[in-house]
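Colleague: Chain by chain, the residues:
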Amino acid sequence: MSESVLPDQGFKLRYDETIEKALTEIEKLLRARYAFSRRMIALLLLQEDEEVLKAVKSREPNFPQIFNVIRSTREKYREHLRYVITLQRQQHANSILSQVVQDTPVKGSRLNKWLDGITIRPLTGVPLLLLIMYFGLYKFVGQFGAGTLVDFIEGRLFEGYINPWINQLVAETIPWPSIRALLAFDYGIFTLGLRYAVAIILPIVGTYFLAFSLLEDSGYLPRLALLVDAVFKKIGLNGRAVIPLTLGFACDTMATLVSRTLETKRERIIATLLLALAIPCSAQLGVMLGLLAERPAALVTWAGFVILVFLLVGYLSAKVMPGEGPAFYMELPPLRVPRLANILEKTLSRMQWYFMEIVPFFIAASVLIWAGKITGVFDAIINGAAPLMHALGLPSQAAEVFLFGFFRRDYGAAGLYDLQKSGALSGVQLVVTAVTLTLFVPCIAQFAIMLKERGWRTALAIAGFIFPFAFLCGIVLNLVLTTLGLSL
Amino acid sequence: MTARKENPALRGNAGLLRSDKKPANGKTKKLILVGSPNVGKSVIFNSLTGSYVTVSNYPGTTVEVTRGKGRFYQEVYEVVDTPGMYSLFPITEEERVTRTLLFREKPDVVVHVVDAKNLERMLPLTLQLLEAGLPVILTVNMMDEAEAMGRRIDLLRLSEILGIPVVGTAATSHHGLDLLKKAVVEYVRKRVA
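Taken in sequence, the protein lines are chains A and B.
The numbering of the first sequence is this note's numbering, which starts it at 1 and goes up by one.
The numbering of the second sequence is this note's numbering, which starts it at 1001 and goes up by one.
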């Protein structure tokens, strides 16, 4: 049925004589049947496509002759055949387009041009980025999402109504204390796991997705990528990586998932490492900002140190990791006014997807904390970590913050909040804990995604690097600050 | 076109990589969307499909493939949204997966979505898809933006030159999508006839 398939097909792309001759010869030599046309198989063979070469080699008795054609054709050109064929095809496309496309340059609206310019020029682009971060991330996601909404859903609804009701129900119906603790109260599946997912993560991630979709649809993100490309190149990534890394400020787990959109394995590994190490997630960021905001010097020290680590580790890993630096090509779409319906649809479907993906992990974390508590494993770990805490210049109860931080990043940060409120920490101790906690944890959900996305070997290597490195950074920072006699 | 004449294996035969799908003359037809990133493929996918959408990793990869079902003019189509692709000669894992999909799944129609503003960069892939002997419909999306830039495209002439249906769309504002559905149905009917 092949010939009657497209009676109206008049199109034919002709390459130069040498290539056409080679194609005809190869097509004649091909015996097996392929899902693509023989001509395409021949073209891919000439370009030495590994997958096709392998398939053809295994099934074509004429492979030696075919390979001879490829080799003799290759020798007739100075450039790689891949390049020659691509170039000729492009010329063909151009000649077609010259017949159908007419461009009459219109002067873009002044406003558009002006906006275009200021988004990508560093002098104006950087302040604009900071404004967007301040209003979009800090104000909307941080204060409104992580503050107002979380306070309402978690503080009012859960603490006020849902949790007491579940606790009472469990207390009345279940006689065994350990099962009660599994389902309800401080670490229960319902009262901790689901509460975290619904009351803390969902509003934060929801507001973040909304802001992100807005930026995405407005065409701003590619401009941001262009703006930061130069810096990112130094750390082995290209500007495009700004998207997963920004996403990390909402949730590192999700951002690790999104890092699969990066082009090379090398970039994906560097991005995963940086996300796990130096990007605090929104939940953690919210608590940290709230904590450190009371001491501006501490806040600046924390931010400066974490940024330093981010750049340093990025730079070093780009040096150490084999492979070439990424090329950057991304077209700049025009800025456009986003459509509300599209944005809402996108936001909702992302929230739904995220929620489905995250709930099982939260339940698992609840169960693990419960088991750790009940078996006394947690207490043993906390006691064992006391010397480490002392090396950091911290009281031994800080160990609990780190341990729980692994289960939920923000849980660790929240524990820090309690410690500080009780007056147990000095300014230096606060900064040291905040820095170590920021660097230290990929939370358990993020770690699970790292396993899934990067494979166990890479994930374990990253975790094995981060755990000691985070504490080392904390110890060094503590030494430097105390030696300098700063009080912050 | 030579590619087609010399390609008796366009469908129904074992491919370069063996097929695991039923032949295309079953009830559900298959439509594969291809194109480079940021051309509005997902928007078109969403408007072609209903709510039964599944996202899964392509076997053995971390690349996501989205599948959904749509009904155009009484015909049920399985619609596959593929990862971004610049060329049939793959460089990224995404491109490799998309090519494998095209190899294996024996689409009844391949809808190549391109950005009207960047036809120069994207038409080569259309040419490659045609060279591969695939049943292509070219969808020139973002016509509104191209027009705003002062670009006019003679779609009829382009369709004549390529010998395939060419549809102009502005997917974000839902322009031209009905035309696309109609073109798909007519094209597949004609090819079966």
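Calculated directly from the structure, the hints in this document are not laboratory data.
Treat the hints with care, as some may be off.
[To be verified] According to the in silico footprint, chain B covers these stretches of chain A (three or more CB under 8 Å from chain B):
1) 333-346
2) 373-383
[Unchecked claim] Only pairs whose alpha carbons sit at most 30 Å apart, straight line, appear in this in silico DSS-like list of lysine-lysine:
3) 54/A with 265/A
4) 12/A with 1069/B
5) 421/A with 452/A
6) 1182/B with 1030/B
7) 1182/B with 76/A
8) 1027/B with 1182/B
9) 1182/B with 452/A
10) 28/A with 76/A
11) 1069/B with 1190/B
12) 1069/B with 1030/B
13) 1027/B with 54/A
14) 1027/B with 1181/B
15) 1030/B with 1190/B
16) 76/A with 233/A
17) 57/A with 28/A
18) 1190/B with 421/A
19) 54/A with 76/A
20) 12/A with 1030/B
21) 1181/B with 12/A
22) 233/A with 265/A
23) 1069/B with 1029/B
[To be verified] Here are some chain A residues the structure puts well away from chain B; computed CB gaps all over 12 Å:
24) 85
25) 139
26) 174
Glycine included, each C-beta is placed from N, C-alpha and C at the ideal position.
Colleague: Taking the earlier hints as the rules, which of them does this structure contradict?
Modeller: Hints 2, 4, 5, 7, 9, 13, 16, 18, 24 are the ones this structure does not satisfy, whereas the remaining hints hold.
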